[in-house]
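Asker: Residues per chain, in single letters:
Number of protein chains: 2
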Amino acid sequence: MINEIREPLKRLQKALPGCFAATVMGFDGLAVDTIEGPQDQFDITTLMVEYTELLKQAKSSAQMFAAGELEEVSLRSKELAAVIRPINADYFLAVALPARSSNQGKARYLLRVTAPGLAKVLS
Amino acid sequence: MINEIREPLKRLQKALPGCFAATVMGFDGLAVDTIEGPQDQFDITTLMVEYTELLKQAKSSAQMFAAGELEEVSLRSKELAAVIRPINADYFLAVALPARSSNQGKARYLLRVTAPGLAKVLS
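Residue numbers (my numbering), protein chains in the order written: chain A, 30 to 152; chain B, 30 to 152.
These aren't lab readings, by the way, just hints derived from the structure by calculation. Keep in mind the model is a prediction, meaning the values are calculated, not measured. Watch out, some of these pointers could steer you wrong.
[As the list claims (entries may be wrong)] Here are the simulated DSSO-like pairs of lysine-lysine, each with C-alpha atoms no more than 27 angstroms apart in a straight line: (1) B:K149 <-> A:K88; (2) B:K43 <-> B:K107; (3) A:K149 <-> A:K85; (4) B:K149 <-> B:K107; (5) A:K88 <-> B:K88; (6) A:K43 <-> A:K135; (7) A:K88 <-> B:K85; (8) B:K39 <-> B:K149; (9) A:K135 <-> B:K149; (10) A:K43 <-> A:K107; (11) A:K135 <-> B:K135; (12) A:K85 <-> B:K88; (13) B:K149 <-> A:K107; (14) B:K107 <-> A:K149; (15) A:K149 <-> A:K135; (16) B:K149 <-> A:K85; (17) B:K135 <-> A:K107; (18) B:K88 <-> A:K135; (19) B:K85 <-> B:K107; (20) B:K107 <-> A:K88; (21) A:K149 <-> A:K43; (22) A:K88 <-> A:K149; (23) A:K85 <-> B:K107; (24) A:K88 <-> B:K135; (25) A:K107 <-> A:K85; (26) A:K88 <-> A:K107; (27) B:K135 <-> B:K43; (28) B:K85 <-> B:K149; (29) B:K88 <-> A:K107; (30) A:K135 <-> A:K88; (31) A:K85 <-> A:K135; (32) B:K88 <-> B:K107; (33) A:K39 <-> A:K149; (34) A:K85 <-> A:K39; (35) A:K107 <-> A:K39; (36) B:K135 <-> B:K149.
[To be verified] Okay, the calculated beta carbon distance ranges per label pair: (37) A:A148 <-> B:I31: 44 to 50 angstroms; (38) A:Q68 <-> B:G47: 35 to 41 angstroms; (39) A:E33 <-> B:K149: 48 to 54 angstroms; (40) B:G55 <-> A:K107: 18 to 24 angstroms.
Idealized CB from N, CA, C, for every residue including glycine.
Work the whole structure out from these sequences, hints included.
Answerer: Listed below in structure tokens is the structure:
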């Protein structure tokens, strides 16, 4: 199972130049696996745990307001962009990128096509 | 002052086909002004108040992790997409759109170019 998660994460990280990290994480804030790029500017893992809370809140808001299942959250700050996509009720897929790269659209696309395969492994 | 906020919101709402609402809201969850499109599917105003909490959390995470000022948050669920952009420390600009429209990129762009003018009015 680990390779079926690690390999897609490696491909994601490699396909997005400058990608700080690609991770599959539980909504409990525990990472299943993370591929980190070469940087020591950000504590990506801890940041992702922070984002878990945020994502849980976004999920419950979407449901509460009949907006349907949450599909994607993107956050951009001055230095860092994150694209996060729920895989199923328990796990999400996320990448952290340099904010100034033009790869956020590509990241959105790659997460969209990668998530269904991970859903099969994590079901 | 109200017109200097209402007019840009009207332009935003008009420029984005199907736009459910465009709003300027304080981080305290109180709307300064909101232009709503013709729909009764979603309680957009209350949803935006929910998103205020989320945005505050995203802001503090970004700062805590030295990722720099938060610039944009996008959320997409099955039916509804929201693009939110802080104007300054006290206010943010947000639009809610049908999730299946292709206008989220346009919304991001329009929020980016509209926010500086609102920042002058709200300073």
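Asker: For each hint, tell me whether it holds in the structure or not.
Answerer: For each hint, the structure was consulted:
no.: 1; hint: B:K149 <-> A:K88; result: violated (34 angstroms)
no.: 2; hint: B:K43 <-> B:K107; result: holds (23 angstroms)
no.: 3; hint: A:K149 <-> A:K85; result: holds (21 angstroms)
no.: 4; hint: B:K149 <-> B:K107; result: violated (35 angstroms)
no.: 5; hint: A:K88 <-> B:K88; result: holds (18 angstroms)
no.: 6; hint: A:K43 <-> A:K135; result: holds (12 angstroms)
no.: 7; hint: A:K88 <-> B:K85; result: holds (16 angstroms)
no.: 8; hint: B:K39 <-> B:K149; result: holds (18 angstroms)
no.: 9; hint: A:K135 <-> B:K149; result: violated (34 angstroms)
no.: 10; hint: A:K43 <-> A:K107; result: holds (23 angstroms)
no.: 11; hint: A:K135 <-> B:K135; result: holds (16 angstroms)
no.: 12; hint: A:K85 <-> B:K88; result: holds (16 angstroms)
no.: 13; hint: B:K149 <-> A:K107; result: holds (20 angstroms)
no.: 14; hint: B:K107 <-> A:K149; result: holds (20 angstroms)
no.: 15; hint: A:K149 <-> A:K135; result: holds (23 angstroms)
no.: 16; hint: B:K149 <-> A:K85; result: violated (34 angstroms)
no.: 17; hint: B:K135 <-> A:K107; result: holds (20 angstroms)
no.: 18; hint: B:K88 <-> A:K135; result: holds (24 angstroms)
no.: 19; hint: B:K85 <-> B:K107; result: holds (24 angstroms)
no.: 20; hint: B:K107 <-> A:K88; result: holds (11 angstroms)
no.: 21; hint: A:K149 <-> A:K43; result: holds (22 angstroms)
no.: 22; hint: A:K88 <-> A:K149; result: holds (21 angstroms)
no.: 23; hint: A:K85 <-> B:K107; result: holds (16 angstroms)
no.: 24; hint: A:K88 <-> B:K135; result: holds (24 angstroms)
no.: 25; hint: A:K107 <-> A:K85; result: holds (24 angstroms)
no.: 26; hint: A:K88 <-> A:K107; result: holds (25 angstroms)
no.: 27; hint: B:K135 <-> B:K43; result: holds (12 angstroms)
no.: 28; hint: B:K85 <-> B:K149; result: holds (21 angstroms)
no.: 29; hint: B:K88 <-> A:K107; result: holds (11 angstroms)
no.: 30; hint: A:K135 <-> A:K88; result: holds (23 angstroms)
no.: 31; hint: A:K85 <-> A:K135; result: holds (24 angstroms)
no.: 32; hint: B:K88 <-> B:K107; result: holds (25 angstroms)
no.: 33; hint: A:K39 <-> A:K149; result: holds (18 angstroms)
no.: 34; hint: A:K85 <-> A:K39; result: holds (25 angstroms)
no.: 35; hint: A:K107 <-> A:K39; result: holds (25 angstroms)
no.: 36; hint: B:K135 <-> B:K149; result: holds (23 angstroms)
no.: 37; hint: A:A148 <-> B:I31: 44 to 50 angstroms; result: holds (48 angstroms)
no.: 38; hint: A:Q68 <-> B:G47: 35 to 41 angstroms; result: holds (40 angstroms)
no.: 39; hint: A:E33 <-> B:K149: 48 to 54 angstroms; result: holds (52 angstroms)
no.: 40; hint: B:G55 <-> A:K107: 18 to 24 angstroms; result: holds (22 angstroms)
Checked against the numbered hints listed earlier, the structure breaks hints 1, 4, 9, 16; every other hint is satisfied.
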